[in-house]
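Since the structure of chain A is already known, use the hints to place chain B with the ligands on it.
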Amino acid sequence: MTAILDPRAKLSVVFCLTSLAIVIQDLVLFAGLLAATVGASLVLGGDWRVLYRLRRLAGLFVALVVIQSVFGGNGQPLLQVGQLSLLTVGGLQRGLALALRIVVIVLASSILLRESSRRLVQALIQWHIPYEIAFMVHLAIRFLPLLQEEMQDAFVALQLRGVDLQTLAWRQKLQVYSFLFMPVLAGVIGKARELSIAMEMKAFRAVPERTSHFQLQLQPLDYAVMMGSLSVFVFGILLVFWI
Amino acid sequence: MWDVFSKPFVQMEQVQFGYRRSKVILRRVSADLYQEHCTAIVGANGSGKTTLGKLLAGILKPWSGTVRLEGYSTTALRLGQIGQMIGYVFQEPDRQLFAPTVREELLFVERLQQRLNPTVEGKADQLLAEFGLGHVQDSFPHSLSRGEKQRLALAAVLMREPGFLILDEPTTGLDLERRQQLTAYVQRLKAAGVGLVIISHDDHFIGDNADRILTMAGGEITDDSHS
Ligand SMILES: Nc1ncnc2c1ncn2[C@@H]1O[C@H](COP(=O)(O)OP(=O)(O)OP(=O)(O)O)[C@@H](O)[C@H]1O
Ligand SMILES: [Mg+2]
Numbered sequence: 001m002t003a004i005l006d007p008r009a010k011l012s013v014v015f016c017l018t019s020l021a022i023v024i025q026d027l028v029l030f031a032g033l034l035a036a037t038v039g040a041s042l043v044l045g046g047d048w049r050v051l052y053r054l055r056r057l058a059g060l061f062v063a064l065v066v067i068q069s070v071f072g073g074n075g076q077p078l079l080q081v082g083q084l085s086l087l088t089v090g091g092l093q094r095g096l097a098l099a100l101r102i103v104v105i106v107l108a109s110s111i112l113l114r115e116s117s118r119r120l121v122q123a124l125i126q127w128h129i130p131y132e133i134a135f136m137v138h139l140a141i142r143f144l145p146l147l148q149e150e151m152q153d154a155f156v157a158l159q160l161r162g163v164d165l166q167t168l169a170w171r172q173k174l175q176v177y178s179f180l181f182m183p184v185l186a187g188v189i190g191k192a193r194e195l196s197i198a199m200e201m202k203a204f205r206a207v208p209e210r211t212s213h214f215q216l217q218l219q220p221l222d223y224a225v226m227m228g229s230l231s232v233f234v235f236g237i238l239l240v241f242w243i
Numbered sequence: 001m002w003d004v005f006s007k008p009f010v011q012m013e014q015v016q017f018g019y020r021r022s023k024v025i026l027r028r029v030s031a032d033l034y035q036e037h038c039t040a041i042v043g044a045n046g047s048g049k050t051t052l053g054k055l056l057a058g059i060l061k062p063w064s065g066t067v068r069l070e071g072y073s074t075t076a077l078r079l080g081q082i083g084q085m086i087g088y089v090f091q092e093p094d095r096q097l098f099a100p101t102v103r104e105e106l107l108f109v110e111r112l113q114q115r116l117n118p119t120v121e122g123k124a125d126q127l128l129a130e131f132g133l134g135h136v137q138d139s140f141p142h143s144l145s146r147g148e149k150q151r152l153a154l155a156a157v158l159m160r161e162p163g164f165l166i167l168d169e170p171t172t173g174l175d176l177e178r179r180q181q182l183t184a185y186v187q188r189l190k191a192a193g194v195g196l197v198i199i200s201h202d203d204h205f206i207g208d209n210a211d212r213i214l215t216m217a218g219g220e221i222t223d224d225s226h227s
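Respectively, the protein sequence lines represent chains A and B. Those letters in the first sequence? Residues 1 to 243, per this note's numbering, in order. Those letters in the second sequence? Residues 1 to 227, per this note's numbering, in order.
So that you can see chain A by itself, here it is in the shape it has in the complex (with noise of 0.2 Å):
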């Protein structure tokens, strides 16, 4: 299945789930929403390791209920010391609309991290987009794990140098941030510049159009899931407006 799909169709879905996530405020559109996409990540093989991944961000989101009821001051209080209300249902939904949220995009953006990105960049190039912003997002998709490596590579040899952020205070902190930003930019610059002149070399931009012995050819299996999520798109949005 993962394989057979047209990338076009998978982008199609995962646009669907995406921009529905955003819309949706409402908890139980939001559970069904939370079906689709597994569902879709499971037939299309959606990473779900990203999920795990997400768990450092639990503290965030128990510090965001605690804010909302707070600061929100609706709904009915769940826990109360003295008169400040710490966790109200307001605060409860909110927060929870907002971990869905964000559980809903990253798992659906998974299922095009299984995507091959010579196929992800073809069907970009056959939406029209122009070369060069293809390009640009295939060289990202491609770059971006280099990167967290190079970042946590200079992490750790700053920490060995004796910056130990455990010790420090919090100006400080910022500061030791700033110096981990210049390994990580010029070896971004540094490979921009190998990677310009080797495109160079190659003459990427001497002719305007460029053609493809590798062309995707929508199926109809193609047409139906897209057909399909653009059907979902307009029925969750036309729900969100009702409810």
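Bear in mind the hints are in silico, worked out from the structure with no lab data behind them. Be a bit skeptical, because a hint or two may be false.
As a list, the in silico BS3-like pairs of lysine-lysine whose alpha-carbon atoms are at most 27 Å apart [to be verified]: (1) B:Lys190 - A:Lys173; (2) A:Lys173 - B:Lys54; (3) B:Lys61 - B:Lys7; (4) B:Lys190 - B:Lys123; (5) B:Lys54 - B:Lys7; (6) A:Lys173 - B:Lys7; (7) B:Lys54 - B:Lys23; (8) A:Lys191 - B:Lys54; (9) A:Lys202 - A:Lys191; (10) B:Lys61 - B:Lys123; (11) B:Lys54 - B:Lys190; (12) B:Lys190 - B:Lys7.
Coordinates of chain B with the ligands only, in the frame set by chain A:
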């Protein structure tokens, strides 16, 4: 033998490690490293030398087994504490240069912690001179040549005066003369009692410096010889 008289600085016991769950890179590696030695780690590309070095320095934590630095397990140490015991120079110098000028590269940590004083500055200037970086001390580190970056990275690590030093491919990008200078410097460190691990493909450099050679293949130490 020598093992009887001195305690190992780094003790690795039955260490297993991999970057991804599905692929083991190091399988049950055990080794003791001594401060009295300059130990070379050799082996083909991808045999796990850098991985072993990073485990020795506590940068990576083993899946199972233990790595001890001066008796402390690396899983219990913070990187900041490890840096005080072990200096580590990465294979890619770009990832370990942070400051806007060469001289500042040696000083910014102390400046950050508000411990900058004439003694520290004196030490920095001395290191700059020793590594032939005096004439570029106001340059931007990332615009240096590869060999200069490598020397700067080493000098910066030496600012902390670690008792043990791990160098990953230190001679890449060094010309013959610089390599000889590095050899001289390694000899000085050895004389000063600093333990060394050198990961390298450079047979000459190893022959000149190492008194113990660990050979790696397929994630295991296949040979351990002393000279
Ligand atoms: N960050 C990483 N993520 C996943 N796999 C990695 C990572 N770093 C190294 N590896 C893999 O681990 C294995 C050992 O790599 P390592 O860098 O330790 O080899 P090496 O002996 O230092 O090679 P070289 O001589 O090229 O420096 C290789 O197969 C490599 O592909
Ligand atoms: Mg290596």
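Status of each hint after checking the structure:
no.	hint	result
1	B:Lys190 - A:Lys173	36 Å, violated
2	A:Lys173 - B:Lys54	25 Å, holds
3	B:Lys61 - B:Lys7	22 Å, holds
4	B:Lys190 - B:Lys123	19 Å, holds
5	B:Lys54 - B:Lys7	21 Å, holds
6	A:Lys173 - B:Lys7	37 Å, violated
7	B:Lys54 - B:Lys23	17 Å, holds
8	A:Lys191 - B:Lys54	25 Å, holds
9	A:Lys202 - A:Lys191	16 Å, holds
10	B:Lys61 - B:Lys123	33 Å, violated
11	B:Lys54 - B:Lys190	21 Å, holds
12	B:Lys190 - B:Lys7	17 Å, holds
When the structure is compared with the earlier hints, violations turn up for hints 1, 6, 10 and for no others.
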